[in-house]
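Top to bottom, those sequences are chains A and B. This note's numbering numbers the first residue of the first sequence as 1 and each following residue consecutively. This note's numbering numbers the first residue of the second sequence as 359 and each following residue consecutively.
Warning: the hint list may mix true and false statements.
What the hints assert, rightly or not - SDA-like mimics (lysine to any residue), calculated; alpha carbons at most 20 Å apart, straight line:
no., chain 1, residue 1, chain 2, residue 2
1, A, LYS306, A, ILE43
2, A, LYS285, B, LYS645
3, B, LYS645, A, ALA17
4, B, LYS554, A, ILE43
What the hints assert, rightly or not - Stretch-level coverage of chain B by chain A, calculated; a stretch enters the list once three of its residues show a Cβ under 8 Å from a Cβ in chain A:
no., region
5, 471–478
6, 606–620
Said to hold, decoys possible - One-sided and incomplete, this derived list gives chain B residues near chain A with beta-carbon spacing under 10 Å:
no., residue
7, GLY395
8, GLU560
9, ARG561
10, LEU563
11, HIS574
12, LEU576
13, LEU577
14, GLU578
15, GLU631
16, LYS645
17, LYS646
18, PRO647
19, TRP648
Think of the hints as simulated: they come from the structure by calculation, not from any bench. Backbone N, C-alpha and C define an ideal beta-carbon position, used for all residues, glycine too.
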Amino acid sequence: MSNFKSKYHDELIANAAYIGTPGKGILAADESTGTIGKRLSSISVENVESNRRALRELLFTAPGVLQYLSGVILFEETLYQSTAAGKPFVDVLNEAGVLPGIKVDKGTVELAGTDGETTTQGLDGLGARCAKYYEAGARFAKWRAVLKIGPNEPSEHSIHENAYGLARYAVICQENGLVPIVEPEILVDGPHDIQKCAAVTERVLAACYKALSDHHVLLEGTLLKPNMVTPGSDSPKVAPEVVAEHTVRALQRTVPAAVPAVVFLSGGQSEEEASVNLNAINQVKGKKPWTLSFSFGRALQQSTLKAWSGKEENVKAAQDALLTRAKANSEATLGTYKGTSKLGDGASESLHVKDYKY
Amino acid sequence: MSSFKSKYEDELIANAAYIGSPGKGILAADESTGTIGKRFANIKVENNESNRRVLRELLFTAPGCLECLSGVILFEETLYQKTAAGVPFVEVLKKGGVLPGIKVDKGTVELPGTNGETTTQGLDDLGQRCKKYYEAGARFAKWRAVLKIGPNEPSPLSIHENAYGLARYAVICQENGLVPIVEPEILVDGSHDIAKCADVTERVLAACYKALSDHHVLLEGTLLKPNMVTPGSDAPKVAAEVIAQHTVRALLRTVPAAVPAIVFLSGGQSEEEASVNLNAMNKLQGKKPWSLTFSYGRALQQSTLKAWGGKDENIAKAQAALLVRCKANSEATLGKYQGLLW
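Could you build the full structure based on these sequences and the hints that come with them?
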């Protein structure tokens, strides 16, 4: 069978399509405890559960924001947390028409014999974990595979391992009612030009869709979370229209139209860059048989975090900053974003961290 | 690089897009000498060069037909033939706005250790042959890979060999200015249901596009010629809308939007079936980011051959029969075919 028929078949298709609703996208708030620690320390906030809870409450109750989101990706701890008043975050999201998602991978490990290439772990007991997350209210999942560009990278070995890991994860999710976001991130690190990134992206995505086919994944019940096609971080920047053209062309060459939506990662892009590029992507003329939207973490939260700095009295200003970015990206999915006249502190700051590890 | 950059890149893209023009499709007139012999035997016509030439002249000069076509696939012999008045067939086609194409494969051979599965040969010196055909006026090529459905078929070996043979042929064509039609035909023979055909078609097409990616083929400069998704020949028939749904879904799951057009083969379908099914596909609501058109051999020529019977006095009648099918299929590409009126 090309697809096994999950008992969740219709629901998977409906949820995946919903996430691709024009004008909406995903807030990636799934930073692991370690990663959120780095963010919190950059604003001098202690990395304790109550602060992590307070931050996420700030994000999910920010007035006017949830209307621009179709999904929020959560870390496991957050899935079971509640507002200060005692309302489960999952309920806050559901009531506002936002699907809760869950990060299910367990980080990367190096592939022996390669030059620092990695594969992603997390398959052990994944089915049982997905079933548990579904019961807790999650309706989609995310698994981040990581590849890099170098003189001999990505290797055929790395592409194969990451593609087949993603495919195995994807079908296990579908068996348990979760729409899998397939994320094969090709890191922006390096001096390569945009053509090189395009060639590698096309090769990696072709391998991913072959692996998904081999594993009988229902494409209509998946999402893709790729990098945009850009020059390397050590290479001169190009115009958003150039990023857009190369990105859409790479997707046209590799992503079957059965996939309802492509939700871009922001990589090291600043908040404003990410919005402007997404906007340009939606303005490209030509075949775009999938919604082109966002799944941004840093590019949605950077100025919010700075404005908050862990202080109660700053919550409103922080929530306003989040609203600015959420609205900007919503407009970008419609190709109507005109730029933000008053950029928040940090909105044009590059968020690139070399060899970024979650 | 994901695509090597052929010096013919812009031309390949333009020609592939042209073949997918709405209202047009391909006449597959590339029967090898042996195969056309079988058609001739059915209508009691001798299989010699002059009769083969007469038949093709009948087809290419049939009034009103060329405007329904964007391409004609030729067998090598025909590429170099002319009308009785001495006009090369290639010129007749070009003047009619029709791109000449050329069959370049050399038939199938069995794969040892399989149950009658095959691979297709023809890669030796293919580059030089393509170059020669380009000089003679050809602008696209065709290579037929064949797979079958059975208890253990198609096997992974057969899928791999046929997909990678197609990919190697495709990139060689592009190096030499010919748009490759990628044809992975899954035979309709068998008692399987439409769901089985859908699964196999999706598996085969996924393998083909992986192979094309590996071989750095420029998808915008290719065409796909697949089977429609139908029940096996020994299984009960289904409605055209069911065929359309299963077929389009299989394509949505496997064929990247960069491919400009899908030109269906007719397999064992009758002329009317092939038109009605194509029409149903074009009426389907939903995403269809490629043209859906025809590349028909038997389903365009069957009644024409019968009407002709090898006799000069029947040529006009035979050409009228061809026009009926050309128009039907042209309308089918627009979802406007109303079916036979009697």
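Hint check:
A hinted pair counts as satisfied when its Cα atoms are at most 20 Å apart, and LYS306 of chain A with ILE43 of chain A qualifies at roughly 7 Å. With a CA separation close to 16 Å, the supplied pair LYS285 of chain A and LYS645 of chain B stays within the 20 Å bound. With a C-alpha separation of about 13 Å, the suggested pairing of LYS645 of chain B with ALA17 of chain A holds against the 20 Å cut-off. Restraint check for LYS554 of chain B and ILE43 of chain A: the C-alpha separation of about 58 Å exceeds 20 Å, so the hint is violated.
A count of 0 residues in the region 471–478 of chain B with a Cβ less than 8 Å from any Cβ of chain A is obtained; the coverage claim is therefore unmet, three being the minimum. Only residues whose beta carbon comes within less than 8 Å of a beta carbon in chain A count, and the region 606–620 of chain B has 8; three or more means the coverage holds. Proximity of GLY395 of chain B to chain A is violated relative to the hint, the smallest CB-CB distance being about 38 Å (cut-off 10 Å). Hint status for GLU560 of chain B relative to chain A: holds, with the closest Cβ pair at about 4 Å, below 10 Å.
A distance limit of 10 Å between C-beta atoms decides the matter here; for ARG561 of chain B the minimum to chain A is near 6 Å, and the interface restraint holds. For the restraint placing LEU563 of chain B at the interface with chain A, the shortest Cβ-Cβ distance is roughly 9 Å, inside the 10 Å limit, so the hint holds. With 10 Å as the threshold, the beta carbon of HIS574 of chain B comes within range of chain A, its nearest partner Cβ sitting at about 9 Å, so the hint holds. About 9 Å separates the beta-carbon of LEU576 of chain B from the nearest beta-carbon of chain A, less than 10 Å, and the hint is met.
For LEU577 of chain B, the shortest C-beta to C-beta distance to chain A is roughly 5 Å, which falls under 10 Å, so the interface hint holds. Taking 10 Å as the C-beta contact cut-off toward chain A, the hint placing GLU578 of chain B at the interface holds, the least distance being around 8 Å. Contact between GLU631 of chain B and chain A, as hinted, is not supported at the beta carbon level, the nearest pair being about 25 Å apart and thus beyond 10 Å. Against a cut-off of 10 Å between C-beta atoms, the interface hint on LYS645 of chain B holds, since the closest Cβ of chain A lies about 5 Å away.
Hint on LYS646 of chain B holds. Least Cβ distance to chain A is approximately 8 Å, under the 10 Å limit. Nearest Cβ of chain A to the Cβ of PRO647 of chain B: about 4 Å, under the 10 Å cut. The hint holds. With a least beta-carbon distance of about 8 Å to chain A, the hint placing TRP648 of chain B at the interface is held under the 10 Å criterion.
Hints 4, 5, 7, 15, counting from the list given before, are not met by this structure.
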